[in-house]
Amino acid sequence: MPDVVISFAVILVVFLVLPLIVGQTEHKVMAHMQSRLGPMYAGGFHGWAQLIADGVKFAQKEDVIPAAADRRVFMIAPGVALVPYLVVLIVIPLDRDLVAVRLDAGLFFVLAVMGVGVLGSIMAGWASGNKYSVLGGMRSAAQLMSYELPLVLAASSVAMAAGTLSLPGIVEAWQWWWLPWQAIGGVVFFLAGLAELRRPPFDMPIAESEIIMGPMTEYTGMRFALFMLSEYVGIVVLSFLTTVLFLGGWHGPLLPGWLWTLVKVFVLAFVVIWLRVSFPRLREDQLQKLAWAGLVPLALVQLALTGVVQVLL
Amino acid sequence: MDGYFGSYVLVAALLAIGVAIVAGALLANRLLRPSRPTPDKLTSYECGVDPVGEGWAQSQIRYYVFTYLYVVFAVDAVFLFPWATVFDAPGYGLTTLVEMFVFLGFIALGILYAWRKRVLTWT
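Residue numbers (our numbering), protein chains in the order written: chain A, 342 to 654; chain B, 205 to 327.
Worth flagging that the hints you see were computed from the coordinates, not collected in a lab. Take these hints with a grain of salt, some might be off.
Stated by the list, open to error - List time: in silico BS3-like cross-link candidates among lysine-lysine, alpha-carbon distance up to 30 Å:
1. A:Lys398 / B:Lys245
2. B:Lys321 / A:Lys630
3. B:Lys245 / A:Lys402
4. B:Lys321 / A:Lys402
5. A:Lys398 / A:Lys472
6. A:Lys472 / A:Lys402
7. A:Lys369 / A:Lys402
8. A:Lys369 / A:Lys398
9. A:Lys472 / A:Lys369
Unchecked claim - Interface residues of chain A toward chain B, partial, derived using beta-carbon atoms under 7 Å:
10. Val370
11. Ala400
12. Val405
13. Ala408
14. Leu427
15. Asn471
16. Ser497
17. Glu559
18. Met563
19. Gln651
Ideal Cβ positions, reconstructed from N, Cα and C, are used throughout, including at glycine.
Take the sequences, apply the hints, and build the full model.
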């Protein structure tokens with residue numbers, strides 16, 4: 342029982358603190374990449390408390406639910422978007438012995454539960470009673486549809502290599518030469534995951550210059566903050582998954598295992614931010630084309646490569 | 205908390221914690237926020253006049269086609285997972301490898317068909 346309490350405490354820290362760190366890093370990294378300073382005032386030292394100040398502001402804002410909205414669905418949508426990412430964290434190993442639950446079907450569980458998160462933005466889009474929200478919700482749905490397939494195929498390539506669906510089992514089986522062997526799958530998985538998070542350059546569903554904020558247009562205050570939090574928890578979860586599946590999780594010289602996992606996660610989170618600053622938004626047809634004509638065939642190539650190497654060597 | 209269902213009890217516990225976090229945040233918000241709704245404040249955030257007329261409208265079926273594509277392939281992909289854990293077990297080897305190429309061939313053919321039917325192009 343103490344193990345369970347400790348691992349739940351770790352999960353809650355990961356869930357509540359890492360997204361804030363990633364968010365603050367995004368503020369600062371984006372700012373410096375664009376020759377600005379970013380937040381400098383809140384908290385005194387380089388604006389470290391900016392997101393806490395934002396949180397205080399969000400908590401005091403009036404909750405406006407438009408008259409045209411479908412109230413109940415509108416109200417629970419942010420929760421539906423956020424909670425799945427917390428639940429996913431339960432099967433992700435931070436270190437060899439630091440995993441809350443060793444589910445045999447861990448990988449399958451992760452993919453299934455992460456799919457639920459997108460329902461939140463579809464619900465928000467539909468329930469808002471606003472044409473921009475509906476458009477954004479439709480685009481979210483289409484994006485989930487298209488990118489789920491390469492995500493699943495790339496993930497199953499790792500399962501083939503490791504011969505198990507359990508996430509700790511996959512990391513246990515990992516060898517350094519999996520890096521070149523699973524490289525295509527890793528890139529496909531990361532890009533498809535990024536698209537599922539609707540992060541730039543895949544942020545067509547919330548494209549603010551044409552549909553305001555997509556499914557989140559009508560949201561204010563705490564509910565909007567929950568949507569924002571779910572985006573950053575999503576970045577953390579995606580980085581964790583890519584680390585665990587493709588970068589060997591806790592494996593690494595010298596440093597303790599949990600630190601290696603965190604280092605890899607932060608490097609990936611930095612890449613997520615970097616991609617946001619570097620690439621313009623993809624148009625809707627370009628998005629679909631990238632998924633179906635780019636990532637899916639690449640994932641199939643990876644599957645063939647994994648199978649051939651695994652059976653013949 | 206052992207065994208197959210024991211681990212899912214923990215998953216359910218974490219789900220409950222997640223719901224409690226969201227509920228707690230919204231409760232704190234309810235205690236701290238002002239509430240002064242006015243008819244103007246509650247109108248939809250759109251430009252120009254509010255939408256009028258019925259809920260029926262003409263719309264593109266593109267997304268619908270993508271949904272079909274997805275359903276076809278996702279159902280296939282689900283079968284990959286149980287297969288992936290045993291495909292190189294002793295006694296399978298080359299047989300399952302050939303099966304895999306048959307599977308990949310089917311998916312690739314499906315995508316090729318969609319491409320030829322110009323489902324993937326928009327204009």
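Here's how the hints hold up against the structure:
no., hint, verdict
1, A:Lys398 / B:Lys245, "holds, 19 Å"
2, B:Lys321 / A:Lys630, "holds, 14 Å"
3, B:Lys245 / A:Lys402, "holds, 14 Å"
4, B:Lys321 / A:Lys402, "violated, 51 Å"
5, A:Lys398 / A:Lys472, "holds, 28 Å"
6, A:Lys472 / A:Lys402, "holds, 24 Å"
7, A:Lys369 / A:Lys402, "holds, 25 Å"
8, A:Lys369 / A:Lys398, "holds, 20 Å"
9, A:Lys472 / A:Lys369, "violated, 34 Å"
10, Val370, "violated, 27 Å"
11, Ala400, "holds, 5 Å"
12, Val405, "holds, 6 Å"
13, Ala408, "holds, 4 Å"
14, Leu427, "holds, 4 Å"
15, Asn471, "holds, 5 Å"
16, Ser497, "holds, 4 Å"
17, Glu559, "holds, 6 Å"
18, Met563, "holds, 4 Å"
19, Gln651, "holds, 5 Å"
In this structure, the hints that do not hold are numbers 4, 9, 10, in rising order.
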